[in-house]
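S.K.: In order, the protein sequence lines correspond to chains B and F. Whatever position you read off the first sequence (first residue = 1), add 47 for the working numbering. Whatever position you read off the second sequence (first residue = 1), add 79 for the working numbering.
Treat the hints loosely; a few may be bogus.
One side only, chain B facing chain F, incomplete, derived with CB under 7 Å [what the hints assert, rightly or not]: (1) Arg56; (2) Gly89; (3) Leu90; (4) Leu93; (5) Phe138; (6) Phe152.
Simulated from the structure, these hints should not be mistaken for lab results. The beta-carbon is built from N, C-alpha and C at its ideal position, and this holds for glycine as well.
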Amino acid sequence: DAGVIQSPRHEVTEMGQEVTLRCKPISGHNSLFWYRQTMMRGLELLIYFNNNVPIDDSGMPEDRFSAKMPNASFSTLKIQPSEPRDSAVYFCASRPTGKGEKLFFGSGTQLSVL
Amino acid sequence: QKEVEQNSGPLSVPEGAIASLNCTYSDRGSQSFFWYRQYSGKSPELIMFIYSNGDKEDGRFTAQLNKASQYVFLLIRDSQPSDSATYLCAGIKAAGNKLTFGGGTRVLVKP
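Assemble the whole structure, with the sequences as input and the hints as a guide.
M.R.: The following block contains the structure:
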């Protein structure tokens, strides 16, 4: 099992540019979560999907952020336009149904917006 | 008030001692709780989960849940330098819902 796969591992971009983060959940997991982690705010849930459908996007900071899950094996988180305050580590996690609610995290994407 | 609160630390303990971490939560509807360990620069990994009031032991780790007082403890016995990490407490209201994390407690185990 390859685990949750995120790409890229590191992203450095300039303010105003579009950023796309990618995630491949573990096969068979039907829930997918996007978290953002900073020193100041800790680990914050941005959005989560069940069976490819967005369930709760109340954590998405503003309209600059959008997330999609076109199929069970792929999700994207897009920031357009990016701002320096978006700099953080973005984690994707997946979870199977009925298996104790255990979240499996990807390695994260370190985003730096200059 | 944050839904899940933790002391940020650092909690410094000598090698071999017991590390005691606590977590409080505000939503009485929370049903299950999880402790994740996160090493610097790495992703969180689950070490314990607890659903019922009382204690749950797994190796050197013990989780304690008191729903009446709305707190969750994690005890690490015989602390090792490799236990030095940030420990995140998380709660969930019901199966299929979102997991809400506290800010984490940084633990330093000194040889």
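S.K.: Decide, hint by hint, whether the structure agrees.
M.R.: Verification of the supplied hints:
no., hint, verdict
1, Arg56, "violated, 11 Å"
2, Gly89, "holds, 4 Å"
3, Leu90, "holds, 4 Å"
4, Leu93, "violated, 10 Å"
5, Phe138, "holds, 6 Å"
6, Phe152, "holds, 4 Å"
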